[in-house]
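Chemist: Here is how the chains run, residue by residue.
Number of protein chains: 2
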Amino acid sequence: METFFNPPSVAIVGATEKPGSLPGIILKNIMDMGFKGRIYPVNPKYQNVFGLRCFPSLLDIPDAVALTVIAIPAQFVVDTMKQQAQKKIQYSIIISAGFREMGAEGTEMEEKIKKISIENNIRILGPNCLGILDNYTNFTTSFLPWERVSKPQKGSLSILSQSGAFAIALLDLATQEGLGIAKMVNYGNRMDIGESTLLPFLADDVHTKVIAIYMESVDNGRKFLEVAKECSRKKPIVALKVGKVAAGIAAAKSHTGAIAGRYEIYRAAFLKSGIIETNGLEEFIDGVKALSMQNPPKGNRILIVTNGGGFGVIVADHCSENGIELPPPSDHLKEKLRSKFSRFYVVNNPVDLTGSACDEDYYNALKTCMVESNEYDAAIIIPLMAPKGMTEKVVALISDIMKLSGKPAVICTVGGTFTIKVKQLFEACNFPVYPSPERSVKAMATLLKRKLLQNGHPLT
Amino acid sequence: METFFNPPSVAIVGATEKPGSLPGIILKNIMDMGFKGRIYPVNPKYQNVFGLRCFPSLLDIPDAVALTVIAIPAQFVVDTMKQQAQKKIQYSIIISAGFREMGAEGTEMEEKIKKISIENNIRILGPNCLGILDNYTNFTTSFLPWERVSKPQKGSLSILSQSGAFAIALLDLATQEGLGIAKMVNYGNRMDIGESTLLPFLADDVHTKVIAIYMESVDNGRKFLEVAKECSRKKPIVALKVGKVAAGIAAAKSHTGAIAGRYEIYRAAFLKSGIIETNGLEEFIDGVKALSMQNPPKGNRILIVTNGGGFGVIVADHCSENGIELPPPSDHLKEKLRSKFSRFYVVNNPVDLTGSACDEDYYNALKTCMVESNEYDAAIIIPLMAPKGMTEKVVALISDIMKLSGKPAVICTVGGTFTIKVKQLFEACNFPVYPSPERSVKAMATLLKRKLLQNGHPLT
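If you read the protein sequences in the order shown, they are chains A and B.
In terms of the working numbering, the first sequence is residues 492 to 951.
In terms of the working numbering, the second sequence is residues 492 to 951.
Pulled out of the complex, with its shape left as it was, chain A reads as follows (with noise of 0.2 Å):
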């Protein structure tokens, strides 16, 4: 698997300096990511491209090639590979569209190249696909220009996606959300590389701590199940399956040709491989974003804190939806509160400083409860940044106080530029910011699920 991440050269098929032609935009991508292995451009039309010396076919090339890129279009794909067969080149990947995801033609075309690289044992990536991002090995496959989609910064998130335009999506989001990328693999039609190699992969790769997977169906049900269970062992994976009622397995169909399958198999499956899933993209990008940056809670007592009491009522109703727990403070403890803040301030769970909170109530808050108490294992931590009294030095306050407590906690704002700046500030403190109640609790229950799989438990 490391040669499609890291090769040490790499041939670009069809490669041109021509705007918008992929294999001129995917070479230019690899040489603006800084990439360190050697580069061979492909093209008989052409003695050079971008600076570097262009050869009339794979065969002209003097040197042994690692992988092959090929994004010509579908129909001189199967030349291409003989010719990588002869020169005996073993990994490939294609992004060219038009083979399965087409009907008949396209599917016979895919064979060919599938009895090609069967014989000749090549492994493939593809086709039909953006190919990969490695963001500490600085290789990519992606034909996006980077003027339109976020060049992600380094971290700890890998992504594995059998649409492209998914992946892209991730790829922005998370640089939105202050997420950092390790790997992000999209392999579309799947002929060969599929969940259940990458899967593995991944579970080994240092850089990675935590897995999404976006899927339309998977490569093979059995193996799958099978490394999905060791590799959630030690990371958190998260999926989104789509493509599970009938309008959206007939749109999987027609996408990348996936036959979607019953849902309640994957389901179950995920259930009993300790895969988190997710219902619809925010769901997804907020629990891989808990995951990435807050480790679980030791048990389900979490602490909600805000200065804006109807907030505090709308994340108290979705905690019950959710399974959260919120016990009322202990007399001792309410006293020790009540001690420190205004009579107006409510002194219970959730704990309202109300409109007149200033930043070092929060400070005071957290440290009576979270740190000088044990009632509690996690804070639902809700700042509404609108009152004079809160200020961006909240943030290195809570970040310091829930940093020696030792416990995790989610963040809710919501508000304009100046919460927009604040939200900025505690993501690049590793507090993950949601601008809703809902889904700043329903992150919370992410991070409690991997904390019941982490303990054995199964889920439900």
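Honestly, I wouldn't trust all of these hints.
You can't tell identical chains apart in this list, so a pair holds if it fits in one copy or across any two.
Claimed, not checked - Below 25 Å or equal to it, Euclidean Cα-Cα: the simulated DSS-like pairs (lysine-lysine) are: (1) 942 to 605; (2) 744 to 825; (3) 509 to 884; (4) 831 to 714; (5) 573 to 789; (6) 642 to 509; (7) 825 to 894; (8) 827 to 894; (9) 642 to 912.
Simulated from the structure, these hints should not be mistaken for lab results.
Everything numeric in this text was worked out from a predicted model, so none of it was measured.
Chain A is fixed; fit chain B onto it per the hints.
Modeler: Same frame as chain A, but now just chain B:
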């Protein structure tokens, strides 16, 4: 009611230039908004406040006064009310907190004020509230500085909110979502004026097209049901009821002293009176946004158009979950579409224009399906902006052709900086944009609910 929103003259009790003082910020906000009525600062300490003549007490004001705004500490409010009664001022907005929500002592003070108001026929908004923002009369009693809270643009959405923090958050969200505001009312402890009085007023307000209500409890169940039924015939009402389950009900009691009551009763009342209920902050603002920007579709035949197949699949899944029908195009319509597009494009529902899509493809797909054919009532459009073929021009093309069709559409798009720019362009054309598939589907479901109500069908 008019006097609360457009008082010919208003006295600000406790007005001062001292930074951070509530009456001071309120006075400044009123002046900043450009309010045209007469303003009387009241404070025995000063001769002038912000250049206006200041009076030692309400009784010293030589003219008649229509409304008082009271934002002084709770223990001084009773005396002020006595003066107000003597001066025969008929309306009062009491911003001050520290009443019923604080237990027995506060309740006692609140009862005293209530007694004075009943005996002297004084109508009261509050206490424990932000009061009013009217974007057409430029009157406000908000005590939050505009550098922290977005000053909303003029528009057609009016907000009723028991929670102040929530009302403020909605103002910020509305600005982010490109939504204009007509009126905002936050009534906190709701000693006198509440939903049942405000709703008929908004029903007749020329500037209000859509009404959003945040409620922990209701002032008068029977009357509310009656006025809501009447109002929802004219204008959509979207509600977020919080304090639904034990934890939330307890939190609501601490917050505004509200007895949240049994949620099932509320649910039944909403259904009966034609109020569209939403679950969570995002569904609430998303539904309000859809209803403010688009008309309900004539029927439930929805077309999905996308250039990201995976997104089409997720939207299709969520459509099924939300009762939205996705009929495939007729053979005739499929033929027409096929004649216009590359053979790679998927001509079905979703129409998948693939990563090769350009702006004009959207125009052609929508023209063929929404203008030249009568097979669909509305569209969920998912333009992903990562591919080079997609530019800002897609906004005008989609907007023009959908306006020509006379049918509503909601937009889903996910991405980075460029996508956010495109979102704002769509919203300037009155197309609601959502950052996830599931939210765009729920927004369309809200439009469909409104159509059912207009047709006289009860919601279920």
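Chemist: All hints, please: hold or fail.
Modeler: Okay, the hints, checked on the actual structure:
Within a single copy, residue 942 and residue 605 get their C-alpha atoms no closer than 42 Å, and across copies no closer than 52 Å, so neither meets the 25 Å cut-off. With identical chains, the CA atoms of residue 744 and residue 825 are at most 25 Å apart between copies only, with a shortest distance of 17 Å across copies and 58 Å within one. For the identical chains of this complex, residue 509 and residue 884 are inter-copy neighbours only, at 23 Å across copies versus 51 Å inside a copy, given an alpha-carbon limit of 25 Å. Taking the closest pair of Cα atoms, residue 831 and residue 714 never come within 25 Å of each other, the shortest separation being 57 Å inside a single copy and 43 Å across copies.
Taking the shortest alpha-carbon separations for residue 573 and residue 789, neither the intra-copy value of 56 Å nor the inter-copy value of 56 Å comes in at or below 25 Å. Taking CA atoms no more than 25 Å apart as the test, residue 642 paired with residue 509 passes inside one copy only; the shortest distance there is 22 Å, against 48 Å between copies. Within a single copy, residue 825 and residue 894 get their C-alpha atoms as close as 23 Å, which meets the 25 Å cut-off; across copies the closest is 59 Å, which misses it. In the homo-oligomer, the alpha carbons of residue 827 and residue 894 lie at most 25 Å apart inside one protomer (21 Å), although the nearest pairing across protomers, at 62 Å, exceeds that limit.
For the homomeric pair residue 642 and residue 912, the shortest alpha-carbon distances inside one copy (21 Å) and between copies (18 Å) are both at most 25 Å.
In this structure, the hints that do not hold are numbers 1, 4 and 5, in rising order.
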